[in-house]
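Numbering (this note's numbering), first residue to last: 3 to 291.
These aren't lab readings, by the way, just hints derived from the structure by calculation.
Note that beta-carbon positions come from the ideal geometry of N, C-alpha and C, so glycine has one too.
Incorrect hints may have been included.
Computed Cβ-Cβ distance ranges for the label pairs, DEER-style [stated by the list, open to error]:
1. Ile265 / Gln94: 21 to 29 Å
2. Glu238 / Asp43: 14 to 22 Å
3. Asp43 / Gln94: 30 to 38 Å
4. Ala103 / Ile265: 20 to 28 Å
5. Ala138 / Glu212: 27 to 35 Å
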Amino acid sequence: MAHTDHMPHSAGAPSAGDAGRPVATFSHARLAFGSRVLWDDLDLTISPGEFIAVLGPNGSGKTSFLRCLLGQYHLDAGHLDVTHAIGYIPQQHAEDADPMALRGRDLVGFGVDGSRWGIGLRGRSRRKRLVDAALAEVGATAYADAPLGLLSGGEQQRLRVAQALTTDPSLLLCDEPLASLDLTNQRLVVELIDERRRRANTAVVFVTHEINPVLPFVDKVLYLVGGQFRIGTPDEVMTTATLSELYGSEIEVVRVNGRLVVIGCEDAHHCVDETDPLATHPGVEAGHA
């Protein structure tokens with residue numbers, strides 16, 4: 003793919019201090035893998051404090067969208083300007099280290115110094131200060147020194163949120179942060195991320211298969227499917243007419259007790275994203291910005 007004007011660290015890109023400027027702007031953006039086009043002519047502005055849900059079946063390019071923002075993938079056409087102050091919550095995966103030896107604060111510390119051990123005396127004070135502040139922000143101080151393997155899925159996900167916050171991001175990218183969590187922990191994680199958004203005016207890009215847990219917080223939806231997309235509020239995008247047009251088949255969207263329920267495309271959410279070269283290599287993980 004061609005490298006087309008992706009500028010994550012340019013002088014003109016927004017910074018954490020530019021409260022009124024967009025944190026990311028896609029202009030006539032196109033991304034493709036070979037002959038497979040994930041999207042074309044995408045225009046999207048992400049403003050400070052905005053909560054954007056990225057929805058669609060597997061293979062539609064949701065994670066690839068995040069990797070463009072992270073600078074790992076470059077557009078084939080168009081432009082992307084994005085802040086350098088990015089936090090990233092990856093999909094849950096097994097850590098390389100022994101989960102009984104790795105403490106909660108060790109996982110959070112990877113957000114400060116990557117996966118390096120032995121950072122030296124000069125860096126330890128700063129590292130501890132950043133880690134302690136992030137742990138306090140997500141309410142995880144009480145189990146910060148517990149082995150990771152003894153923590154629940156919800157507690158581990160709190161630590162991953164803390165890891166992303168060690169950079170004090172103005173843009174927080176969340177890749178399926180609710181996967182494998184029960185409904186109670188899904189709600190807690192979404193509320194935790196939304197609290198950060200409201201307190202620090204941090205923009206959130208939230209990739210998920212489910213709209214229901216995030217619906218009360220979402221400002222805008224980007225729905226990707228079959229090389230097409232729609233952008234708008236949940237009420238504008240999550241409709242029978244819009245999703246039926248995107249899928250090219252009859253999709254029904256109904257409200258049950260105030261919750262959106264999509265009927266007719268469940269099977270599309272269980273295919274492998276073969277358009278993503280990293281998806282075929284489980285050992286390759288997206289890195290932190």
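Evaluated hints:
At about 28 Å, the beta-carbon gap between Ile265 and Gln94 stays in the expected band of 21 to 29 Å. Between Glu238 and Asp43 the CB atoms are about 19 Å apart, so this pair conforms to the stated range of 14 to 22 Å. Distance hint check for Asp43 and Gln94: the Cβ-Cβ separation is about 33 Å, which falls inside the suggested range of 30 to 38 Å. Checked against the given bound of 20 to 28 Å, the beta carbons of Ala103 and Ile265, roughly 46 Å apart, lie outside it.
Between Ala138 and Glu212 the Cβ separation comes to about 29 Å, which falls inside the hinted range of 27 to 35 Å.
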